[in-house]
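Each chain, written out:
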Amino acid sequence: MITVVNYQSATLLSPQRSSSGSSHSPRSSSSQPYLSISVTEPVKLGNGVQAYISYRVITKTNFPEYQGPEKIVIRRYSDFVWLRDRLFEKYKGVFIPPLPEKSTVEKFRFSAEFIELRRQALDIFVNRIASHHELQQSEDLRTFLQADEETMERLRSQETGIFKKKPADLMQIFKEMQTRVSDVVLGKEKPVEESNPEYEKLKNYIFELENHLSEAQKHAYRLVKRHKELGQSLSDFGKAAKLLGACEGHALGKAFSDLGTKSETLSVRLQKEAHQLLMNFEEPLKDYVRAVQSIKATIAERANAFRHQCELAETIKLKEINLDKLMLTRSDKVGEAELEYKELKAESEEATRRFENIVRVMNEEIVRFQDQKTQDMGIAFHQFAKGQSRLANNIADAWRSLLPKLEACLS
Amino acid sequence: MMGSENLDSEEAHMYASREEMENLVLDEPSNNNNGTKSFSDYRSAMSSLADTHHPLSSPMAEPADSDPLLTPPPFRDFRNPNVATDNSSYIEPPSYSDVIFSPFDENAVNEINGVDSPGRSSDSSGFLSKSTSSSSDYVKITVSNPQKEQETSNSLVPGGNTYVTYLITTRTNIPGHNGSEFSVRRRFKDVVTLSDRLAESYRGFFIPPRPDKNVVESQVMQKQEFVEQRRVALEKYLRRLAGHPVIRKSDELKVFLQVQGKLPLPTSTDVASRMLDGAVKLPKQLFGESVAVAPHEVVQPAKGGRDLLRIFKELKQSMANDWGGSKPPVVEEDKEFLKKKERMHDLEQQLSNASQQAESLVKAQQDMGETMGELGLAFIKLTKFENEEAIFNSQRARAADMKNVATAAVKASRFYRELNAQTVKHLDTLHEYLGLMLSVHGAFSDRSSALLTVQTLISELSSLHLRAEKLEAASSKIFGGDRSRIRKIEELKETIRVTEDAKHVATGEYERIKENNRNELERLGRERRADFLNMLKGFVLNQVECVWIDIRPSLVVVSAYRVGISWVTIKARTAVVIESQEAVRFAEVEEQLIPFQLESHYTRKEAEMLEADFKNLQIGVRHDVEGVEKEHMLTKQDEVLVAGVRGMRWDAVELPFQFRENLDGHCNALWRYAARYYIYEGDMPFYEEDR
Chain A
12 MITVVNYQSA TLLSPQRSSS GSSHSPRSSS SQPYLSISVT EPVKLGNGVQ AYISYRVITK
72 TNFPEYQGPE KIVIRRYSDF VWLRDRLFEK YKGVFIPPLP EKSTVEKFRF SAEFIELRRQ
132 ALDIFVNRIA SHHELQQSED LRTFLQADEE TMERLRSQET GIFKKKPADL MQIFKEMQTR
192 VSDVVLGKEK PVEESNPEYE KLKNYIFELE NHLSEAQKHA YRLVKRHKEL GQSLSDFGKA
252 AKLLGACEGH ALGKAFSDLG TKSETLSVRL QKEAHQLLMN FEEPLKDYVR AVQSIKATIA
312 ERANAFRHQC ELAETIKLKE INLDKLMLTR SDKVGEAELE YKELKAESEE ATRRFENIVR
372 VMNEEIVRFQ DQKTQDMGIA FHQFAKGQSR LANNIADAWR SLLPKLEACL S
Chain B
9 MMGSENLDSE EAHMYASREE MENLVLDEPS NNNNGTKSFS DYRSAMSSLA DTHHPLSSPM
69 AEPADSDPLL TPPPFRDFRN PNVATDNSSY IEPPSYSDVI FSPFDENAVN EINGVDSPGR
129 SSDSSGFLSK STSSSSDYVK ITVSNPQKEQ ETSNSLVPGG NTYVTYLITT RTNIPGHNGS
189 EFSVRRRFKD VVTLSDRLAE SYRGFFIPPR PDKNVVESQV MQKQEFVEQR RVALEKYLRR
249 LAGHPVIRKS DELKVFLQVQ GKLPLPTSTD VASRMLDGAV KLPKQLFGES VAVAPHEVVQ
309 PAKGGRDLLR IFKELKQSMA NDWGGSKPPV VEEDKEFLKK KERMHDLEQQ LSNASQQAES
369 LVKAQQDMGE TMGELGLAFI KLTKFENEEA IFNSQRARAA DMKNVATAAV KASRFYRELN
429 AQTVKHLDTL HEYLGLMLSV HGAFSDRSSA LLTVQTLISE LSSLHLRAEK LEAASSKIFG
489 GDRSRIRKIE ELKETIRVTE DAKHVATGEY ERIKENNRNE LERLGRERRA DFLNMLKGFV
549 LNQVECVWID IRPSLVVVSA YRVGISWVTI KARTAVVIES QEAVRFAEVE EQLIPFQLES
609 HYTRKEAEML EADFKNLQIG VRHDVEGVEK EHMLTKQDEV LVAGVRGMRW DAVELPFQFR
669 ENLDGHCNAL WRYAARYYIY EGDMPFYEED R
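Chains as they are written, first to last, in the numbering used here: chain A, 12 to 422; chain B, 9 to 699.
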């Protein structure tokens, strides 16, 4: 019914987007269904620990399910968290796009850089959902994009309480916890684990990938820092050169102060480049670290489903034996037992179906993930190379422009 | 001898293993200069060892004959584009004459060659004050070949007392030396003696500071490391002395550099005997009436122990000056000098500030390079992982891309390292001048101590006069006079005369020092200007070059390099093929060109241009290979000189040409670096295999 909005382009970290954020216009003609969202205008509200940032979330769409072509709502970070959690509950097996992490340190500072980084990440998050062929039809997404602030607030506070969950769910949680604990206690002896070699390989891949990516991200972050540091020391050096120039005679002093000025301009460039690097290279890498973590959550979900299915299968076996026994003894409990057995059977079938669904969805998702990763990484690398060469050219140009002056001084 | 040989080969081994390590880490042949350099270190060390029996040999004095690999031709055209357009310069072995265009260029080229290589730093240091030494007369000093020797005297335990001597080789064309080239062996103690002598004879001059004794370091540091460090420091020091317009002509330096055997300069008496000397003198000075200071002594600053009384007196005088009780008869009247002194002080502060900042800049640059390298390595790992685990083709495509970026990052980190090494070299001028400031202080304090001597003598003179007057007045009252008094007056008069003499000498010395100070200040200003400008230019040029070859070009270089390597193998194969009379498979050449087309980080126009170039290149390669066939049959000989560049396969030289002919203009850089990689890396395995 709905063709997927070219999700690749929707999730591109195009530099224009990251710089302005608001310049998000519907790019397809009205005949083509589109859903495009932008997160803009972060505003700091509240004080101290209570402080939070609110964003303007602008939706532009021609989906018939939506109220109109354009809708603007105010959302805060925890609303995004709510959306993520809901989707995670409902769309088992789908790799839910990752959210930027909650930072306790930044909470008290909310530096401009942090706010911008988070805004960008949220923008990417919500657009990824909007471009996902399944997730985009989610009711929760519609709620998130259209509900007024009070409704949202109510939904959010409901969600965060446990009472929303059914008692059965609670029991399930408790059981899971138990098995998890016993897993830990018993060490290796995990009662039920999928032993599909292909899946093992995939799991392994994801875990390794996380390590590699986070290492790369760490270095990238340090590189950003180094850029800043180099900028700082260049500017200090420039100042020192200027002072030294002031001690010297005319031509030499001029040369020194020229050098100083150039150093200072370059330092500004370096700082800018550091910012660009942070936005366009480090952040995408980090984004993928998070994405891999979200995949890990899905993997855990799958393990749970599998375990549930196995447990049910086991119980059914017991019940079956029990039923056979009862049949033999012609107990009057047979009818009751049979009913129970049937119920269980239905439940088990349901669990199996759920598990199989997860497996199917995951297989699709992996392909999508790899595609998208390839795409996004390519852009990040391109940005990196471009930024570096731009910087290098700038530096070279700046210094080169100084050469004739020095030549003049020397002769 | 044996010891030092072991030491050298060990060092070379150390370098080699480090090089290996780097190669391992980077997972591909590295282009770092260390590789070739350690080799050269080793070789030069070996040759110097082989030559030691010949006193006149100067193992490092002929860089022109060094391996052409060590003077990377691609860098030369940076300095002077004219050379680049001249193709023949690549075939000719690089001779030094066309590398040296000006003193600055010489420095720069050597700095590029000799990054961090003490063995080859023969020209890179000592550029201070080079600007003033006219090119017509020169003194070139090399310190080399450290040797361990036994202390002959008072060593109770054999082997317990050893010291190191250094071979100091001088080449000069200044008349007054015997011969134009000579060498002596000296130990560090001799250098101390030299500097002490110079400090005494050349008061008021800005004498370059002597390297520290580093007593602690000599114990703590690795022996060979310490010796090497000291060797470099000594070389620097001696070169600076030779660069000083006055000191270079001094007898002390001449004797030091020329006279064989033990240093004939009087070693300054050691402290113990000096104390003894002073103590013997002391009672005489205290009790005897002849308080006069001998004229020849006043030209020297009061030294501990030798003439304690003079020290007491001068101390008193300085106290009197400080407390302002009596105005000293001679004050520092040179206002201009005071102003200059003030400025020097300012300059020193700014210098130390600037040198500190320079240091932190270098540190930041280094960090940047390191982080870049680490990032590159992380990506290489990631790439490897992705490749191994790849399930989809898209992953593999991206992995190739990623690898490019990773390699580029590693390359960039190398460039940063190179840049850094050169930045250090350039900004070192700041440190050198900071060190020189110490000697400026020394010269100024020479001046003030001379002034103090003069002041002391004058006030002493006046007090003597007073006493003489008193005595005369007293004796005139008593008619006929008192014989003893008259004798006393005569004695006093004698003393006054001697003191007067001393005062004249001291004043003369003071004036001389003043004059020296002024001249030296002027000289320093002049030289500083030139040196600083050179420094700035070098620094800037450096930044331009090194940074410019950053990521983007190196993305090309990566591929160019890859292609280059494969070409070398193809060449090798063609050689074999020709022998077995088989046809050459061009498909392989084309295959090797594919990586170029995969470069996705280019704008369309760039890509198109590149593609067109490579089409031409392909055609060129065809011709080339055909040419190779013919040529190969003709030049199948080991006559390396025919090939032009010594020690290299001629076709390895030919290849960059092919590159160049086809990729003119905008692809110049590509060619340059491809050529560079050829010469550094591509050729080596080929060459080895060929043997």
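Simulated from the structure, these hints should not be mistaken for laboratory data.
Any given hint could turn out to be false.
What the hints assert, rightly or not - Here are the simulated lysine-lysine pairs, DSBU-like style, with alpha carbons at most 35 angstroms apart:
(1) A:Lys239 <-> B:Lys371
(2) A:Lys307 <-> A:Lys55
(3) A:Lys113 <-> A:Lys236
(4) B:Lys392 <-> A:Lys253
(5) A:Lys250 <-> B:Lys392
(6) B:Lys347 <-> A:Lys229
(7) A:Lys236 <-> B:Lys349
(8) A:Lys239 <-> A:Lys212
All figures in this text were calculated on a predicted structure; none of them were measured in a lab.
Hints and how they fare:
1. Straight-line distance between C-alpha atoms of Lys239 of chain A and Lys371 of chain B comes to about 13 angstroms, which keeps the hinted pair within the 35 angstroms bound.
2. Restraint check for Lys307 of chain A and Lys55 of chain A: satisfied, since their Cα atoms lie roughly 32 angstroms apart, inside the 35 angstroms limit.
3. Annotation: proposed proximity of Lys113 of chain A to Lys236 of chain A holds, straight-line Cα distance about 21 angstroms (limit 35 angstroms).
4. Distance hint between Lys392 of chain B and Lys253 of chain A is unfulfilled; the C-alpha atoms sit about 48 angstroms from each other, more than 35 angstroms.
5. At roughly 45 angstroms between alpha-carbon atoms, Lys250 of chain A and Lys392 of chain B are farther apart than 35 angstroms, so this suggested pair is violated.
6. Pair hint Lys347 of chain B plus Lys229 of chain A does not hold up; C-alpha atoms about 54 angstroms apart against a cutoff of 35 angstroms.
7. For a cut-off of 35 angstroms, the pair hint linking Lys236 of chain A to Lys349 of chain B is broken: about 42 angstroms separates their Cα positions.
8. As the CA atoms of Lys239 of chain A and Lys212 of chain A are separated by approximately 40 angstroms, the hinted pair breaks the 35 angstroms bound.
When held up to the earlier numbered hints, the structure conflicts with 4, 5, 6, 7, 8 and fits the remainder.
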